[in-house]
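Q: Going down the list, the protein sequences come from chains A and B.
The first sequence runs 1 to 411 under my numbering.
The second sequence runs 1 to 354 under my numbering.
The hints are simulated quantities; they were obtained by calculation from the structure and are not laboratory data.
All clues given are correct.
Below, computed lysine-lysine pairings styled on DSSO-like, alpha-carbon distance capped at 27 Å:
1) B:K215 / B:K247
2) B:K283 / B:K192
3) B:K192 / A:K42
4) A:K42 / B:K154
5) B:K54 / B:K76
6) B:K113 / B:K54
7) A:K149 / B:K192
8) B:K216 / B:K90
9) B:K133 / A:K42
10) B:K152 / A:K42
11) A:K274 / A:K177
12) B:K76 / B:K206
13) B:K341 / B:K113
All of these numbers come straight from a predicted model, not from anything done at the bench.
Below, each chain spelled out in residue letters.
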Amino acid sequence: MNKACIFCCCLLLNNFVIAGIHYIDPGENIQERLQEAMILSKSGDTIQLNEGLYELTDGLSLAQSGVSIKGAGIDKTILDFTHQLSGAQGLLVTSDAVVLKDFSVINAKGDAIKIIGVDGIFIVNVKVEWTNGPATENGAYGLYPVQSKNVYIDGCIAIGASDAGIYVGQSENIIVKNNIAEYNVAGIEIENSYYADVHENSVSKNTGGILIFDLPDLPQQDGHHIRIFDNQISNNNTDNFAPLGNIVASVPRGTGILVMAGSDIEIFDNSIHKNDTINLAIVSYFQETDDENYHPHPRSIYIHDNKFSVSGSNPDSERNELARILENFSGDDMPDIFWDGVIPLSQIIFGQPEEEKVALGENTGALFMTIDPLKYLLPFIDPLNSNYDDFMTHRSSLRKIVIDIPFERLD
Amino acid sequence: MTDYSFFRFSYALFALFALCLNVQADINVNDDLILEEGFPEYLSEFGFFVDNKKQIPAKNVIPYELISSLFSDYTKKNRFVYVPESSRAKYKADTTYQFPLGSALVKTFYYIKNEQQKNSEKQLLETRLLLRKPDGWHAASYAWNDGQDEAKLKIAGTTINTSWIDRDGERRDVRYRVPNKNQCQECHEANKQIIPIGPKARNLNKNIFYPDSGKKINQLTYWLDNGIIDSYPKVLDRVVDWQDSTKNLNARARSYLAINCGHCHSPVGNAASSALYLEFTEKRSIHLGIKKKPVAAGRGSGNKLYSIAPGDPAESIMLYRMQSVDPGVMMPESGRSLIHKEGVNLIEEWILSL
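Take the sequences, apply the hints, and build the full model.
A: Written out as structure tokens, the structure is:
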């Protein structure tokens, strides 16, 4: 980078474009200058946000494909929305093949960074945070790609979201790796999505660590092919602070991983510790729905080679239904892995196809518990089944997710 | 000396008058500029107006009105359509007219400074353009200067802090936002293409006054006679004016939601992922929001369980978001900074009736 140019920019407090790089400095009229650069940028251009605090009053948006927005680093280039007066998110991206790298977004009034309907979004080393800690008044989502393809989130930090820190919804071909998510209601949530790898993330101190959900009445359903591996998921014991009405408001404090509906989910090589309600729960969608195309029961879940310890030592049973059920069934002996055992009536009668069953491989330190639906319907019979071996089986692994990453733009 | 100067003055006046007449007769819209890539710096370069301040349109720039229109912080709007000579917009049943290359939709937003006064001064805020260029529609907005005789391109939008006296005599302050180019697109987008929203045949099917003919004529008839459109169907639905309290409540509410929300809240709009669809044609109750749980509303839910709780407006997320001016809660997300009291009342009454 040419230091003289940066010096000029500082003097003029103006935008400076050289060879497709728009140099931006914080300061006077930053809202209009930054937004203008985003509108005037062309495919291949970089918007270079120099170090400093960018005080913004309105949401920003990028609609040009192939543009990179780069800062000087996390906590160095800070887009500050504390005094935001309009816009439902800090930054909105609606164009393909965009790179976001090396900056922070703080205190957005709604979502921090939302990406709608794109092919190719690469978010690397970006921090999104609500700086006053967990609070219902915080924005819902930190990093929020929706209805998108080829989503790559690497080395990011998400703190304080009143829904999910990193939330990928109704999307396809997804890699979420090497991120830190803390003090959110949900650390990482993959919802109604296909083909996702979630790995090497550090997910702690949220209400729930990693959520894999499939919900009814949405344009994209039947979430499937999701791999959760090599993550550190511990101490997700923050009280649920989501506004009611949202699905995550039903997540108990102290949840490590929660799978709700969906199919072909492989959970392996994770380290899951000290989540006060349950380390890993697999449940059916429990609310009423008339959606005939929706499948509320999780299918083909394969759990192997994880390390578990200390689960359910202080369940959220006063406030939460799921925690209450768990505690009632298990007493003091809370499991690490819980499956609610709910399957379609036809499968209760005729049996569940082998490939749809919950499958357990070796898991260090794992206590397992499920409820037998048939026994549950009969009186005087204990419906609990804690026999790990009943579910022990080997499955073939899901294939790895591959995304064409523009490394030359990520320098 | 005195006589002479008076003569000179009257001559000057006459010349000016003649010039005005002449200009008025001669001004044509700059067709090339509409087709060119990008937008010029000043609105006057297009020649849409003979008189900017008075908003008197040039030749072939036709004023029009919609039966139901979008709420934009209580601004009034002048709408104009321009279609190049020898081409016409094609009728489409489900969408807006399909306008030919070189067409322009022009919309000026203004406040009547004192709504209690007849002939009150006006404040022109911005003029938004939708231009049909060779590669599709393009949107931009021009903000008016203090002298109100020219408007300048605001690609990144701008803020106008102003006020007006409303019809109850109350002073209203507003932080009026001129949208940036991307925000234009966010509402005017369907399947990644920019499209017009308002001029659907069913939303134009009303009589308005035309100065050139000195009487009220149905807009579609006038448009057909003046070469704007190719046709309109003999039997045509009419959108209900949501303000017309003699009309059916459900139709008024649906009409209001369609024009204020339906462009984003549609399966091809920017809010498609919410599965809340508020177009006039939507019939599935869950997608209209009835007993529909929020998907990603965050604190926009206001701790309520459903978009619409039938019979219970106070427990309906839709109404809660219409009543908010908090950017993280309010709906629509952009285009307003004030609460639309009349709209809120209508939707409240409607939800109560469900």
